[in-house]
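Colleague: Now that you have both chains on their own, put them together as the hints suggest.
Chains as they are written, first to last, in the numbering used here: chain A, 1058 to 1282; chain B, 92 to 400.
No lab work stands behind these hints, which were simulated from the structure alone.
Hints should not be assumed to be uniformly reliable.
[Claimed, not checked] Straight-line alpha carbon distances no greater than 27 Å define the calculated DSS-like cross-link-like pairs of lysine-lysine that follow: (1) A:K1068 / A:K1138; (2) B:K374 / A:K1179; (3) B:K261 / A:K1236.
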Amino acid sequence: MSGLLSSRWTKAAVFVLCLVPLGVLGWRLIGLARQGWGTYDPALTADPIAYITHYTGDWTIRFLLITLIMTPLRKLLGQPKLVRYRRMLGLFAFFYGCLHLMTWVWLDKFFDPHEMIKDVLKRRYITVGMLGFALMLPLAITSTAGWVRRLGFERWQRLHRLIYFSALAGVVHYYWLVKSDVRLPLLYGAILAVLMMYRLTIWLKSAPRPQPAKSTTPNTAYLRD
Amino acid sequence: MANRTSSDLRYSQVTPKSTYLNRRRFLASSAALGALAAAPPAWASTKLNGVTKSPFSTSEKQTPYDAITHFNNFYEFGTDKEDPSRNAQKFVTSPWTLQVDGEVAKPMTLDLDAIFKVAPLEERIYRHRCVEAWSMVIPWIGYPLNALLKKVEPTSKAKYVAFQSYYDRKQMPQGMWAGIAFPYVEGLRLDEAMHPLTILSVGLYGETLPNQDGAPVRLVAPWKYGFKNIKSIVRIRLVEKQPPTTWNLAAANEYGFYSNVNPEVDHPRWSQAKERRIGEFVKRDTIKFNGYGDQVAGLYAGMDLRKNY
Chain A
1058 MSGLLSSRWT KAAVFVLCLV PLGVLGWRLI GLARQGWGTY DPALTADPIA YITHYTGDWT
1118 IRFLLITLIM TPLRKLLGQP KLVRYRRMLG LFAFFYGCLH LMTWVWLDKF FDPHEMIKDV
1178 LKRRYITVGM LGFALMLPLA ITSTAGWVRR LGFERWQRLH RLIYFSALAG VVHYYWLVKS
1238 DVRLPLLYGA ILAVLMMYRL TIWLKSAPRP QPAKSTTPNT AYLRD
Chain B
92 MANRTSSDLR YSQVTPKSTY LNRRRFLASS AALGALAAAP PAWASTKLNG VTKSPFSTSE
152 KQTPYDAITH FNNFYEFGTD KEDPSRNAQK FVTSPWTLQV DGEVAKPMTL DLDAIFKVAP
212 LEERIYRHRC VEAWSMVIPW IGYPLNALLK KVEPTSKAKY VAFQSYYDRK QMPQGMWAGI
272 AFPYVEGLRL DEAMHPLTIL SVGLYGETLP NQDGAPVRLV APWKYGFKNI KSIVRIRLVE
332 KQPPTTWNLA AANEYGFYSN VNPEVDHPRW SQAKERRIGE FVKRDTIKFN GYGDQVAGLY
392 AGMDLRKNY
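If we strip away everything but chain B, and leave its shape as in the complex, we get (with noise of 0.2 Å):
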């Protein structure tokens, strides 16, 4: 059992040579590119510097690198876990723009350096549930999502913010056999989104985001299931109403808006009560909010959860 916990190895031991290959590959070709233009510190799997640490964080043991980054559900890149892994190897997110609007005083458009300085980056080390009930344990790298809002000045409408991913068919031929919709979207409330524990990452395990992992910014709520997490976000807006989500709008009756992970509501077609965590054999106890209990329950204090799964 000696030397398992990831913290032992080093990101170079688990990263496969091609992705290494690849990566050598681009940063000869930016390099070239940088006369050109301030070229953004960050691209797929570069290292990031000057992350802090943050209590938020579980000691629990960290899922491998390996099979986070290849056990993703991307659903533009292909529907099988390990798809998004190959398929997106290519996908373009630099030059990438992030448009912040709505109900806002200051709406803002953001490039991809712009993205990477809204706030000191923090590693949050998140339980991540899944709705198919299994689990992981994710090194994020972050900030809280509300650094964001603040800046752009939420107007008293504001009740809601409503989330959409980049979607374009040619780098994503896949998509079109996923059976949902795209661009794929979603929502939180706004006291959700303003919650402390609700982060925008950039990374994960000390660099950018690799591609099948949502780069190179995404959502995490780690008391909601994954899908709420939705990932390559090109728009953010703060609505008045409810927004619409894209699983809800595939299957109303199995996934609701607030999805927060709870071991008493069963998905119709499954339980919810045990789940299993990625790399272990016997399933473990499913905890309400995703063991977030202490910090997002009041949240929801006198809601039905039943009827607001």
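Same shape as in the complex, but just chain A (with noise of 0.2 Å):
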């Protein structure tokens, strides 16, 4: 088990399968395009934009929830290998993040600041989800090996707990979005809660904590590969 998590080809394995929902959207708009805008294609819906837009901010909670994972499940399963996927998978959850900003910036506010910025200001649900975007942005930039040395373990571990809020930003998003059926934006939350009992739980069994040694050479191992 320990060595195929260490294979440089099991990463290379799941960097491709984190691609698969991205690959499946592409081949149905292409389907989409050859059967001509405007017709009525069952995979994508009447409405294709809303289905994009639906479907990037599904995949960037999933990606969030999935990155949270595996921190729980390195320990629980005792693979400490899993962790050298977790900055992957949250860069991932920022790629799709990336695309359903930009479904809404183009496809929906078609580049007008004007609009967007009112609706940033007026409207919660984007207010909240612009939020969880823009907690993601340092982590994303701060993901490199040289971040991690010039901030310290410590402090950037720290910083990199933002995603915890990004995810919950993520989630009430959603919740503030849906109509009256609020049984998915739940589910999400039932599972980002279990997560962070999860955390919380450890926190509490290890307080009061020693005072940590400073350490000269940050540990940076896990990001080697």
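Modeller: Written out as structure tokens, the structure is:
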């Protein structure tokens, strides 16, 4: 198991797997383009733009939750190598978040800055969605080994806890958007709650914590691959 | 771009094969029943004859049949737009009874046959604007609601018309997850209900209504948001006081009693200034009263439409 998780090929396979949702969407869009825009394609519903918006948003939340499950999974399964995938998964959450945002900027607002600012200020589900995206930005930027070194591991780790709030913002964004059927946003919320409870339990168990030894060489081993 | 308009297509060309097969299976079974009772002329998607054109129709490009029948808000059958097209297939709409009562001199109970014979059928090609900021152009078939209301002779006490949808948990198990209360209820002021644009629809694209579009009979008031157009009606009551309406009960700050299409009054969570016409790429500007202002603006003279949203 550990050997499999260490393999470069496994990582490449996971990378490709993370691109499958985009590939599926692209394949469907090509199908629609060939059939003619404005025709009905069951794969994309009668409103393909709404479909793309929901699809990319869904995958953003899913990847955020998948990223957050890596740490508990690593400890529960006793597979420390799983951490090799965490950064990549987090960056895929950011990637699908970018696609989701771009769908809104282009296909909903058509690059109208006035309309976009008005929406962000006025519509709370957009405000909180934008917040969730904004919180991912520093994490994506500082995802490199160089940034871990520059910030020091402790500070870097503290900064990257922002993902908790980004995921929470994503769930609230979705919950505030739906008209009345809140099952799916509540499901995502419940998964997030379980993942956060796990961390809270660990944190409570480990407190009071001993002062961490000041290390001169930051631990970037898990970023090496 | 050749042959893209729906009028160039026959219904058979745009109807999924499975629908056809279901229809044939039904027709085969109803042939057996036909001997027992004078079978009503219509059921899911059978052709309607003797339909006349209406001067109220728009000449805008009609939304394809497949889009109209696979993009429905009919929460009794699920909250995804595609759910009703799947889950309403076995919905039993025959026999059907429509009860018309309340503040009327001559209450009536109509069976399916009578529902289709209240008045001559007309095709009304209307713009349809959903509160979710998308729109369609739909060739409805029906007759003015006022034709039915005149038959029951509303009394002087009748000020509003209350509508109720069919609801049956067994046939609509997905409804329990909708997050809104059923049976679905809607209402109009009497003058809105009597307006010549307001119709009871029994069909679209030349055929009876598919189940997911509100078979066998539904309301269409084209200057209002789509959710006012209650589907699968079983009861129409004339009443003195403004009746409760489903979405208003669910979220009063978001859905008012009037719910006239109005680009100047936003939904609290999204703008109503623009809409996406299904099948188009760039959004269009929403027109007040959905473009029917010439005919209906007078109904609201002196009313603050911001307050009465």
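Colleague: When the structure is checked against the list of hints, which entries are broken? Sort them ascending.
Modeller: none
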